[in-house]
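Work the whole structure out from these sequences, hints included.
Chains as they are written, first to last, in the working numbering: chain A, 1 to 342; chain B, 343 to 684; chain C, 685 to 1026; chain D, 1027 to 1368.
To be clear, the hints were calculated from the coordinates, so they are not data collected in a lab. Please note that a few of the clues may not be correct.
Said to hold, decoys possible - Below, a sample of chain A positions facing chain B; criterion: calculated Cβ distance under 8 angstroms: (1) 9; (2) 11; (3) 151; (4) 229; (5) 236; (6) 327; (7) 330.
Stated by the list, open to error - If the Cβ cut is set under 7 angstroms, some of the chain A residues that face chain B in the computed set are: (8) 17; (9) 25; (10) 28; (11) 39; (12) 89; (13) 90; (14) 93; (15) 122; (16) 228; (17) 300.
To be verified - The following label-pair restraints were derived from C-beta to C-beta distances: (18) C:722 - B:388: 54 to 64 angstroms; (19) A:120 - C:1020: 30 to 40 angstroms; (20) B:393 - C:905: 53 to 63 angstroms; (21) B:637 - A:33: 49 to 59 angstroms; (22) A:33 - D:1243: 14 to 24 angstroms; (23) A:281 - B:593: 51 to 61 angstroms.
Backbone N, C-alpha and C define an ideal beta-carbon position, used for all residues, glycine too.
The chain contents come next:
Protein chains: 4
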Amino acid sequence: MYHFRNDYSEGAHPEVLAALCATNLEENPGYGGDDHCARAAALIREQCCCLQADVQFLIGGTQTNFTAIAAFLRPWEGVLCARSGHINGHEAGAVEATGHKLFQAETGPDGKLTADLLLPFLEEGKNEHTVLPRLVYISDATETGGVYTKAELTALSNFCRSHGLLLFLDGARLGAAFAAESNDLTLPDLARLTDAFYIGGTKNGALMGEALVIVAPALQEGFFRFKKQRGAVLAKGWLLGVQFEALLQDGLYWRIARHAVEMAQRLQTGLTGLGFPLLSPSESNQIFPIVPNSLLPVLNSICTYEVWSRPDEAHTAVRFVTSFATPQESVDGLLAQLARSR
Amino acid sequence: MYHFRNDYSEGAHPEVLAALCATNLEENPGYGGDDHCARAAALIREQCCCLQADVQFLIGGTQTNFTAIAAFLRPWEGVLCARSGHINGHEAGAVEATGHKLFQAETGPDGKLTADLLLPFLEEGKNEHTVLPRLVYISDATETGGVYTKAELTALSNFCRSHGLLLFLDGARLGAAFAAESNDLTLPDLARLTDAFYIGGTKNGALMGEALVIVAPALQEGFFRFKKQRGAVLAKGWLLGVQFEALLQDGLYWRIARHAVEMAQRLQTGLTGLGFPLLSPSESNQIFPIVPNSLLPVLNSICTYEVWSRPDEAHTAVRFVTSFATPQESVDGLLAQLARSR
Amino acid sequence: MYHFRNDYSEGAHPEVLAALCATNLEENPGYGGDDHCARAAALIREQCCCLQADVQFLIGGTQTNFTAIAAFLRPWEGVLCARSGHINGHEAGAVEATGHKLFQAETGPDGKLTADLLLPFLEEGKNEHTVLPRLVYISDATETGGVYTKAELTALSNFCRSHGLLLFLDGARLGAAFAAESNDLTLPDLARLTDAFYIGGTKNGALMGEALVIVAPALQEGFFRFKKQRGAVLAKGWLLGVQFEALLQDGLYWRIARHAVEMAQRLQTGLTGLGFPLLSPSESNQIFPIVPNSLLPVLNSICTYEVWSRPDEAHTAVRFVTSFATPQESVDGLLAQLARSR
Amino acid sequence: MYHFRNDYSEGAHPEVLAALCATNLEENPGYGGDDHCARAAALIREQCCCLQADVQFLIGGTQTNFTAIAAFLRPWEGVLCARSGHINGHEAGAVEATGHKLFQAETGPDGKLTADLLLPFLEEGKNEHTVLPRLVYISDATETGGVYTKAELTALSNFCRSHGLLLFLDGARLGAAFAAESNDLTLPDLARLTDAFYIGGTKNGALMGEALVIVAPALQEGFFRFKKQRGAVLAKGWLLGVQFEALLQDGLYWRIARHAVEMAQRLQTGLTGLGFPLLSPSESNQIFPIVPNSLLPVLNSICTYEVWSRPDEAHTAVRFVTSFATPQESVDGLLAQLARSR
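Quick look at the structure:
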């Protein structure tokens, strides 16, 4: 079986696991008040060229999304997002459960937001009988493999600042975004253009963990208490620090992402070559080929993947995802088998 | 330095870590839908003699407490707990943040609840302009080292059932409770006497993880969705299953707890022998000796611990905690040094 | 000036006000535990042919909507509604503030929901990582003057029951709905086909007040406590009872509604006759003619109304609303003035 | 029957009712955007000597308490109050339902808070694993008839400001407080010493309504949206403006309060003369005599009142409350009957 189910289907990258093993019997203070977290946070501030940033480690993506959003907003404020945004359809209403409405914009297939899509919501929000639109949520890479360019993010950032909106970037797959061919964004760009963003560990080589970078000083106050209140403080908090140290101190994080994206792109190119259309072309480590339903039994017998959507009665869009744990042999093996079964 | 700061100051027990390493590159479905979680849940149901139980793995104690409590209650219902209960003073208002009031009973120094302490709240709760008392929260072992006997838990359970109250037991330190000398409770007893309880991993040898056992069928509905909504579903969920398998399949969990409690009791006995009074005698892996303030500089130079309270101006109650990572040499070494400095 | 701004722009119908004055110095128990509320509730149960119903008086529509919805749902459950539904765009996120997601269906211009519009949400909701769709919210009359027929409501009710969905009907303008020409629904029909609905007082002759009829016994438990918790229990609760007694004991409620709808329909017919198109034809006491922007200064000088939408750059859809306080002279006077200014 | 059940057991003071009747058929914009509300707000700002204040009208006390508190706080912040405070035991957990913990201080029988009672909570609150104490809630008059002096309120205000705490005063019975013999506070004092307070209408002559005065500019932002979200915006909002105009434009509010307090004090003096002890002496319009249980059947046959507490097995503390609707004949009549039955 070739494994393309997800980028969180294996444990940690071996170097990350080694770091956990090496520090296993150290005594550390709990709740993130340890030296590993301090060093990992310092690394991140440095690599973001943003010494004022508050770096907070959390355990997973859903948790980071709703904890950050709810910490940043007042109760009468709401969130602007893509209808396909992770917080809208994949997190069991976690943001609404904190009391905040989502305004859902209909984007193109790449899942990217633009100022034009947001303006009508701002217009309606002027009525004091409605929720005040206040925070724009984007993900990079998006849920469908879209990647923001520096020009796009700059335009969105300018729009937000001129309309009193906060800009929050979900970086659960930030590694894949930065490894994409068209990417020209850097960590310092994110620190300059957003109010907060996170560097996702879970989907890029860690057992678990997301590093939230709160850039805007006004958003930093009280965050630890709130994180604790939402069950998002890991007792053995240094486990997150150790992993981000291992990932970021010499570029392992980016090497992992590059490998994953290369494998996904190799697979996408191969599948296109075999004549499979794409739901939408992806630049990230997730790809979305469309296969005839008759091929599904074959697929099921040779690889793991997820069904994404049903573009018509005879076809299925499937999702293949790659990670640090995807060997090139899997990509080439899958392509070879599919070539034979065409 | 001798380490007595906490029972979550080191990583995983070596056998648990070995299990994580051995399975690191397995491909597993995410979110707990894997075979390890299934096997760990089956082990727990079996060891509880309770095939109907729904076993849910969560990441940490605060998270498990508020997720379970909020899932079980309707919005107008509240929680009865000890004023010293973990949910009251140590979890940043996590339960209130889900909308539920805590009724706080003043217990004795052992932190244990009794029917007598609860009755006045039930009386007030009959008034429809108040929150309806509905769930009793206890911890075993308690935050101050108290341990429930079977007779005590049976009495509390009967009281709850006759008054329409749910009984929820926080087992973050369940191992230590069961390893205590006076303990006569078993897992099947908990499954019989409570509506839900959990077997704490974080403080007994796991990197993280709590196994929530929802006994009452009426409380099981919808729990996974709610867990997801509260950010309490680990993406690489099998990490929890692997650890609980390792802990429970051949009794490692109980061996770890027994060791920790033996070390704590050896230390408590030794300290008493040296003439230190106790804030209250403990049977668990946490002990609370009272030391003259003048001893604190010495303590600071030889061991880690926590300041607990200030019984008077000249004295400090400190907390020493033991775990799988506490060698007997630490206990004996600390006692020897203290004997010299008296 | 002719007054068409809203149906809550004047105080109470004179007969309702007289009842309040007549009882002003009675001593009554607070919070709705009085004889007037008891009698009004009994009248409603009787007129609904539903002796099991729990009748609860609340103060306003937004309050009734979110209090009922949040009382009926568990935290992981969500609401299906029309995008144009009052709870979605006009209540400042009140439902989301109780933690529940809204799934917004795109309806036709009449704002009415059908099974077909709901099915895709149910499909997505099978995924346990999403909110469970659980309650269908409809309004009758809708926000754009649509009115449900018995056949339509029966079909929706059957759909809900076969899919485990609750059906909740916002009756803020129930009087107008029942006074509409095509209406064939009755109170007993509502009690039979929905799980809960309300009879709106604020927009049909009362100073304030909505009578919530909770039909399903399983939804009745704990409601008073929850109402109190949400600030929805009026201290001088008998004020609501007195008004609903006055409105319902001899049909005043329906006479008020009939008058309002007659006035609105007379105005709609007249405007159509004058050549103004309609945004969508309305059967209720709200009508939505489209006027050239050049007419707005004239309108502003002769009547009150609200701007509804901008169908194109040169035209504005406006809303005229009628009530017990709309004399036929206002309708005819407005039409005459508009005829002159054409 | 003599009526002493409550100060919200009759409708409106006749002059207030007359104002409502006189304006009943005026057309007014909804939701408080009318001239009556504007004038009433201007009167209040003027009488408070506080032109910066934002005056917001709400419907009832519980609603005003939780709406104000939740609007002012961030999610990790909590409320300091007396255990006997109205928000703690009489409002069905409304504040906790907005997510905020209450820290309950044990006061004397007068229910008044002091700096000394608050300090221990501030000490505990320094721990970042706890809720941050942030707002002090007091009521004047208190729930047991206590009244703050200017010296006491000044001391509390200074304490709050030096510790970064907000001070919020529940004035549901502010009229009675100001009419108390020992009172030396004025509205400008409240505006100077608190961050927000309210002038209660429901218990002092209005059908319903509380006028919230938000003094601190930082607390004013977004309040209308939040009020709407919590169902606290009355559709026919001018009803509140009309009543507060009537109450405040020529001192009716204070005349009502003076009458009520005179009646209560006359009754308290009379009861003491008859030998009944007091649970605690009250200066307000609520008094708490202790009667032998054997007297209860007599009481039940001659007056309405509430049972307050059971100081011992043979005695009951009862509560008598007076209002604008209490004639002196009731007081003297009750005293005469009790004199006979002694």
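Each hint tested on the structure:
1. 9: holds (5 angstroms)
2. 11: holds (4 angstroms)
3. 151: violated (32 angstroms)
4. 229: holds (4 angstroms)
5. 236: holds (5 angstroms)
6. 327: Check failed: Cβ of residue 327 of chain A comes no nearer than 11 angstroms to chain B, outside 8 angstroms.
7. 330: Result: violated, 11 angstroms to nearest chain B Cβ.
8. 17: holds (6 angstroms)
9. 25: holds (5 angstroms)
10. 28: For residue 28 of chain A, the interface hint holds, since the closest Cβ of chain B sits about 6 angstroms away, which is under 7 angstroms.
11. 39: For residue 39 of chain A, the interface hint is violated, since the closest Cβ of chain B sits about 17 angstroms away, which is over 7 angstroms.
12. 89: violated (12 angstroms)
13. 90: Hint violated; residue 90 of chain A Cβ to chain B Cβ min 9 angstroms, cut 7 angstroms.
14. 93: Nearest chain B Cβ about 6 angstroms off; hint holds.
15. 122: violated (28 angstroms)
16. 228: It holds, given that the least Cβ distance between residue 228 of chain A and chain B is near 4 angstroms, below 7 angstroms.
17. 300: With Cβ-Cβ at 14 angstroms, over 7 angstroms, it is violated.
18. C:722 - B:388: 54 to 64 angstroms: Because 55 angstroms falls inside the window, the suggested range holds.
19. A:120 - C:1020: 30 to 40 angstroms: holds (38 angstroms)
20. B:393 - C:905: 53 to 63 angstroms: Roughly 30 angstroms apart at Cβ, these two residues miss the hinted range, so it is violated.
21. B:637 - A:33: 49 to 59 angstroms: This hint is violated: roughly 25 angstroms between Cβ atoms.
22. A:33 - D:1243: 14 to 24 angstroms: violated (36 angstroms)
23. A:281 - B:593: 51 to 61 angstroms: For residue 593 of chain B against residue 281 of chain A, whose Cβ atoms are near 54 angstroms apart, the range 51 to 61 angstroms holds.
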